[in-house]
Every structure is written in structure tokens, then in C-alpha cells.
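K.L.:
With these hints in hand, go ahead and build the complete structure from the sequences.
Given next are the chains, with one letter for each unit.
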Amino acid sequence: MSSRAARRFAFSHEAFTVVLLVVAVVVVTQLSPYFLDAQNFSQIATDSLEIGLIALAMTPLIVVREIDLSVGSTLGLAAVVFGELASHDVPLLAAVLATVATGALAGLLNGLLVTRFGLSSIVVTLGTMALFRGLANAIVGDQTITTLPDSFTASDTRYAIGTLVTIPHVLFALAALAAALLLHRSTVGRRIFFAGSSPDVATHSGVRVDRLKVGLFVASGTLAAIAALFMTSRLQSVRADTGSGLELLVLTVVLLGGADIRGGRGTIFGTLVALALVGVVRSGMALGDLPDQARVAVVGGLLLLSICAGVAIEALRRRAAERRTTRRIRGGAELRPTPTT
Amino acid sequence: MKRREAPRTPERREEEKDHVPEIEGRDGAAVPVLEARAVSKVFGGTVALDHVDLSLRAGEIHALLGENGAGKSTLTRILCGVHRPDTGELRVDGAVVDFHTPAAAQEHDIAILHQEPSLFGDLEVAENVFVGRQPKHGRPPRIDRRAMRAEAAALLAELGAELDPAARVADLSLAEAQLVEMAGALSRRARVLIVDEPTAALTPGEVGDLFRVLRGLRDRGVAILFIGHRLEEIFALADRITVLRDGRFVDSRAAADHDEASLIRAMVGRDVAALHVRTRVEPGEPLLQVRGLARAGVFEAVDLDLRSGEIVGLAGLVGAGRTEVARAVFGIDRRDAGTVELAGERLRTPQQAMRAGLAFVPEDRQREGVAVELPIAANVALPILGRVAFHGWLRPGRERALAREWGERLRLKARDVEQAPRELSGGNQQKVVLAKWLATRPRVLILDEPTRGVDVGAKVEIHRLIDELAAAGMAILLISSDLPEVLALSDRVLVMREGRVTAALHHAEATPERVMQAATAEAQAVAA
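Chains as they are written, first to last, in our numbering: chain A, 1 to 341; chain B, 1 to 528.
Hints are supplied without guarantee of correctness; some may be wrong.
Here's a subset of chain B near chain A, in silico, CB distances under 7 Å, partners left out [as the list claims (entries may be wrong)]:
{"no.": "1", "residue": "Gln351"}
{"no.": "2", "residue": "Glu373"}
{"no.": "3", "residue": "Ala389"}
The set of hints was computed from the structure by calculation and includes no laboratory data. The model shown is predicted, which means the values in this text are computed figures rather than measured ones. We put the beta carbon where it would ideally sit given N, CA and C, even for glycine.
P.N.:
Structure representation (C-alpha cells):
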């Protein structure tokens with residue numbers, strides 16, 4: 001790594017998140033003797049998987065200056081649709097496909113409302129967040145669906161390798177790899193960064209910004225529906241409030257991972273590190289028997305920390321550059337207004 | 001500007017004081033009303049101002065001159081309290097002051113007239129003149145509207161302006177809005193008035209009126225700092241001229257001691273090679289054909305013909321609809337009527353336009369031309385990303401090679417092609433935009449203000465490039481507010497006013513007078 005690249009990483013949000021992760025691991029290890037255990041790590045991965053899956057779509061959405069607050073409700077609606085179908089003897093494959101389609105349609109609705117009417121996605125997805133949750137309630141009311149086919153449930157105990165790595169773990173790893181390649185190595189990903197960093201430049205260069213955004217909202221809804229399948233299989237039950245509050249965790253992960261809420265910046269790597277961090281913190285809280293309400297407060301605190309850290313890191317970077325330059329003027333060295341030309 | 005300022009420690013301030021050499025009163029002259037001494041300002045890694053001096057005396061019009069990026073705006077912002085200097089100090093009447101907010105500068109009777117008047121469009125003229133200081137009466141105090149309008153009328157009359165104090169500001173012309181701002185400054189008894197490029201969008205008549213008002217204020221003892229770049233205006237107006245270059249103070253002299261050549265040399269730092277070279281070639285086959293293009297309320301009935309090897313200039317005032325026409329031709333903005341064809345192929349979307357060989361270098365470089373935070377190589381590759389990539393997968397090596405190739409051809413000065421354009425000068429950012437569009441190998445090129453905010457050296461290079469491209473058979477539509485540039489480069493000049501083409505002139509008959517007449521006066525429409 002050249003010194004410039006090293007400096008860039010040192011002042012990056014990702015580096016900050018890596019440091020936080022190390023600190024969290026050390027602290028939780030000190031607090032609980034049960035933490036440092038392969039089985040516990042496997043459990044953390046299982047518990048983080050649904051959040052991580054949705055975060056894979058939320059990361060590029062944030063990069064492109066949009067947000068999807070409806071993911072928790074989309075997950076709930078998709079889970080309810082699946083529960084209804086599966087418990088009424090609809091073939092499993094058909095039920096799964098209908099569930100995924102539900103998520104995709106929910107995302108399409110968000111995307112079209114945002115792009116066609118030029119609305120802010122915060123407002124639109126806040127609205128659909130209530131809408132989708134309401135629909136889920138209308139379908140199942142306050143009952144809990146537990147009559148799910150055995151071939152579908154308990155996927156979190158089907159192991160791919162040994163007794164640590166489950167099939168869902170492997171599927172998530174593949175999804176994360178695909179997301180990373182698409183965002184950082186493909187032309188679509190490149191266009192996403194341009195659309196988020198300089199939307200007008202993208203439009204002027206022939207990038208169909210609206211189409212990209214619709215696609216990302218559809219991806220977000222679809223991944224929320226797939227997460228609903230994993231969650232339903234794991235919990236072996238469905239209720240109207242399945243997945244409520246999940247959007248907070250997803251956003252915490254994405255923003256803590258260095259995606260800039262103002263768009264143009266974010267990496268799948270950072271999101272994955274932050275996912276691990278949030279997983280460790282939640283595991284620590286569970287081992288420490290923290291009450292549920294307190295856990296939400298900790299997550300909220302993390303979210304605020306991640307936003308403030310973004311601003312602070314930006315300021316640090318600018319200050320470091322300014323200090324280098326100011327030192328040069330004070331020293332009376334020859335310099336040009338733009339040191340690079 | 002939302003830059004966060006570091007809280008300054010006392011030590012840091014001490015250090016700065018030590019650094020500034022003490023200069024005492026200049027040979028008996030009156031103490032300047034406002035003075036900047038050894039002022040520096042750093043943004044990120046960029047030095048915007050490097051130990052600059054400026055002194056404004058009562059009753060003078062002082063022109064601040066320099067190319068874009070020379071530091072004029074930064075100095076202006078420091079003088080009116082938007083930025084705080086990193087080194088140096090400001091003095092009012094010889095006493096050191098610290099403007100930590102624009103309000104602090106206002107308390108010292110410094111007023112600024114912005115390029116774009118910053119007024120409340122929905123409020124009436126009188127409200128804007130007295131904003132925040134409206135005369136009150138009664139108990140509880142209410143705004144005394146009658147007194148306010150009467151006082152506003154008196155102030156406007158002093159400026160020689162016939163404006164209804166009850167008129168809504170949004171309904172005023174730019175020139176009238178400037179007068180309202182000036183009346184506001186007058187009402188605050190401003191002793192220093194900073195005017196930032198006020199003439200950019202004014203008609204010649206309005207410029208004359210503005211200058212009369214400024215001279216009147218000067219004769220009443222106001223110190224005026226006039227920022228501009230049209231030399232003829234500077235000579236007509238200024239008593240003294242201070243020149244900045246690359247963020248540094250060059251010199252400050254009586255206007256009478258300068259002539260045009262000496263001013264340009266001071267601004268550029270050397271004698272400038274001939275601007276505007278043009279090898280004319282016989283135009284070839286027709287390429288771009290625009291018929292009856294219209295967009296409701298913006299422009300109408302625009303016809304355009306561009307032939308291979310031809311440069312057509314599109315002149316007109318700011319707001320005449322030139323940029324809007326270009327955007328509609330490229331397919332970014334909706335059209336309400338008309339057709340665009342390139343070599344017989346109908347174009348509707350930017351994607352179709354790009355595929356057919358149309359390229360559009362937009363006016364607002366940093367917003368529309370180049371993504372300043374993303375690497376140069378990615379910017380250059382963007383319009384042809386599909387071709388550079390392999391089945392949708394990026395090939396960074398090819399992107400870098402492409403950017404290097406075009407960077408070399410355009411003599412782009414950058415550290416490397418992974419650098420972010422934010423760190424480049426205006427001229428080099430423009431070269432990135434040009435590289436990006438030339439890499440698409442277009443047949444027709446639309447250039448919207450290609451040399452705005454570009455230093456003279458880069459301007460010469462861009463002119464030479466435009467000439468070479470046309471000589472090689474490209475058809476070029478040149479939109480520019482720089483009249484000498486349009487006249488020297490174009491084979492034909494179209495003039496727009498208020499959304500219509502009001503003149504189509506062959507280069508031999510295109511004189512500044514005829515173009516300006518078509519751009520401003522009620523002129524008869526000429527067949528394009």
C-alpha cells in the first residue's frame with residue numbers, strides 16, 4: 001500500500017469500524033466467559049443473517065442517496081404471505097415464489113413512488129412502512145401461524161460444513177460476494193456511485209438514474225422477502241409483527257459501515273464489518289442479560305455514534321490536509337493554490 | 001458555504017500576530033476604511049489565499065481583479081465575515097477587527113451586493129430594504145408600513161431609481177433587484193460596499209445605470225470594492241486596481257497607471273499567446289438537424305443545422321434559453337415540439353444521442369460535467385462504460401489507459417488518473433470533461449461555456465483544440481457568453497433572446513454590435 005492509500009484507509013470510516021469491532025470483541029470477551037466460543041460465533045452469524053441480507057441492498061440504496069425504511073414491514077408482509085400460503089397446503093415452491101414476488105412488488109411500489117413523483121424516499125418508505133405492516137395485520141390479525149411444513153423449518157440447523165456453518169450461512173456468504181462484486185466491480189455499481197455522488201453528471205452521461213433507483217428498491221424488497229423466509233424457517237412461526245424494528249438495525253449496520261447518508265460513499269466490506277460489530281454487541285448484551293428496551297437504546301446509540309463518527313472522520317481528514325498545507329505556507333515554502341497542478 | 005471552522009486557541013492567534021509584519025500608515029495617506037493584511041485561507045489541501053493585502057479608502061472605487069481561482073471570492077468572503085482568515089488580520093479604520101460572522105462585518109458598516117441578489121422574493125421592495133430593521137410604531141410595536149415605504153422611496157430616489165416600494169421583489173428585473181440591495185446598504189449607512197460581478201447578466205444600458213449609481217455612492221464617501229473581469233468596465237469605473245493571481249497579491253495601483261496589456265500581464269503572469277485561432281475549412285455534409293424545437297415557456301421554434309467541420313456559435317444573454325436548447329437537443333429535458341436528427345437518425349434520449357455520436361459538455365462543470373469526488377479515470381470512462389467494460393464487468397486497467405491517453409492529448413495536469421477532480425483547477429477539470437466526451441469519438445459536439453472559469457492558458461489550449469476538432473470534421477455548437485470567443489471561432493453565429501433565435505449571422509457580418517443588438521433590443525426575427 002502506498003503511503004497515500006494507507007492514509008486514505010487510516011482516515012476511512014471502514015478503519016474506524018474495524019477498530020470498534022476489535023474493541024467490542026475484547027470488551028465482550030472480558031465480560032462473558034461464554035463469548036469466545038465457535039458455537040457462539042455460529043449463533044451470531046445466524047442471528048445477523050437476516051439483517052445482513054437486507055443491508056446488502058440498503059448499502060447501494062444509501063450510496064445512491066435513497067433509503068428504505070419499509071424493509072422491516074416488507075419482511076413482515078412477506079412472512080405473513082408465506083405463512084398463509086404454506087399453512088393452507090400451497091406447494092412450498094409456489095409459496096416461496098409468491099413470497100419473493102410480494103417483496104419485489106413492495107420494492108417496486110417504493111421505487112415508482114420515489115422516481116415518478118420525485119418524492120423523498122424517507123417520506124415514501126415511512127408511509128409504506130405503515131402500509132405494509134397494516135396489510136400484514138389485516139391478513140393474520142393477532143394470530144400466530146405455526147403450521148409450517150417440516151421440510152421448510154429449522155434451516156438454521158442444517159449444516160453445510162461440520163456443526164458450525166449452516167446452509168443459510170453459505171447462502172448469505174454467496175449473496176454478500178455477489179453484492180460486493182456488483183457494487184464494486186460491475187458497470188451497474190459504477191453507475192450507482194456516479195448517480196449518488198453527482199446525480200446530474202450521471203444524467204448528463206447517459207445513466208438512467210431513475211431506472212437504477214427502481215431496481216435498487218426492488219432488490220431491497222426482494223432481499224427483505226428472502227430474509228423473511230430465513231426468519232420464518234428459523235423461528236418456525238409467523239406473526240403480523242414479524243421483523244418490526246428491523247429497519248433500525250439494518251440502517252445502523254449500513255451507516256456504521258461507512259456508507260454516507262448524503263450518498264456517494266459506502267462499501268459492502270464496511271457493511272459486513274459493521275454487521276459483525278452489531279452481532280457481537282447484541283451477543284454481548286444477550287449474554288449479559290440486558291433487558292430488551294436497553295438493547296434498543298444501545299443500538300440507537302450505535303447509530304448516532306456512526307453518524308457522528310462520519311462527520312468527525314471527515315473533519316479530521318480535512319484538518320490533517322489543511323494542517324499539512326498551512327505548515328507549508330508558514331514555512332514560506334513555494335506553493336501553488338492547487339498543489340497538484 | 002458550510003465549512004466548519006476550528007475553534008482558535010489563543011496561542012494560535014498569537015502565532016499569527018507574530019507572523020504579520022507591522023506596516024505603518026502609508027506615506028501620510030488617510031487611514032483605510034477597511035484593510036486586509038497578509039490574509040491567508042486554506043481549504044482542504046488547497047491554498048485559496050496566500051498572504052494577501054488589500055486596503056480600501058473612503059471615496060474610491062477599487063477594482064479587485066484576477067482570473068477565476070485567483071482568490072477574489074475567498075477574499076470577498078473574508079471581508080464580509082463568511083470565512084475567517086487562517087493568517088493575517090483585518091482592520092477597520094486602523095483598528096484590528098475579528099469578523100466571526102457576517103453580522104459582525106455588518107456592524108462595521110460593510111455591505112455586500114451579491115452576484116445574485118439575496119432578497120426575499122415574496123416580500124415587497126420596502127421590506128427588503130429594511131429587512132430586520134423595519135420602522136415600528138404603536139404598542140405593542142408594529143411595523144410602520146407607511147413610514148417604511150416612504151423611507152424606501154427616498155432611498156431609491158437617492159439612487160436615481162424609479163421603483164415602487166410596494167412592488168414584489170420577485171417581479172423585478174435583476175438590475176432593479178440590485179438597486180433594492182443597494183438601497184438596503186444605503187439605509188444601513190454602509191461605508192464599505194462590496195459588489196461581486198454585478199454586470200454579468202445586465203444589458204449594456206443597465207450597466208451604464210449601475211455605474212452611475214456606484215459613482216454617486218463613491219462621491220458621497222463610500223468605499224466600493226468592485227469585483228469584475230471585463231477590462232473595459234474596470235477602466236471605465238475604477239480609481240484603483242488590485243490584482244490577485246493564484247491566491248497571491250500581485251499589485252495595487254491607480255487605474256491610470258495600467259493599460260489593458262499591463263493588466264492582463266498582471267493577471268496571467270506573462271504575455272498571452274494569441275487567443276482565438278481558427279483555421280477555416282469548407283463545411284462538409286450536414287450532421288445535426290434541429291427543426292421547430294420548443295419547450296413551453298422556455299424557448300420556441302428553434303431550428304439548427306450543423307455541418308461537418310463547422311462551428312456554429314450560439315450567443316445571447318444569460319437566461320436567453322441557450323443552455324435549455326442544448327439540453328433539449330441532447331434529450332435531457334423534455335421537448336414539447338420539434339425534432340432532432342443526427343445524420344438522418346431521430347434522437348430522443350441522451351442514450352440515443354450518445355450512440356449516434358452526439359456529445360454535450362455542459363455549462364455547470366462541477367455539477368453536471370464531472371463527478372468531483374470520483375477518480376478521473378472513472379469520469380472519463382463513464383459515457384462509454386459499456387464499451388470499456390467486459391460484459392458488464394469493469395476493467396480498471398483499460399479505464400486508466402483511456403484516461404491517460406486523453407489526458408496526454410489534452411495536456412491534463414494531474415498527479416495521476418486516480419486523483420479526484422475536486423483537487424484540480426477549473427481549467428483541468430474542464431479538460432477532464434472534454435476528455436470524457438472526446439473519448440466517445442463524437443461527430444457532433446455541443447460545448448456550453450467551455451472556457452468559463454478557466455484560466456487564460458487553458459483557454460488558449462481549449463480554443464486550439466476546438467479548432468483542431470472542427471478541422472478534423474467535427475461539427476461544433478459553441479454556446480458562450482464570451483462574445484470575442486464566439487465571434488472569433490464561429491463560422492456562423494446564432495443569437496437568442498427570450499427563447500427565440502433573433503439573428504443568424506455569417507462570421508463576416510457578425511460584429512459585436514449586431515450580436516448585442518439581436519441579444520438585447522426588440523429585433524426582427526431573421527430566418528435561420
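K.L.:
Taking the earlier hints as the rules, which of them does this structure contradict?
P.N.:
Result: no hint breaks.
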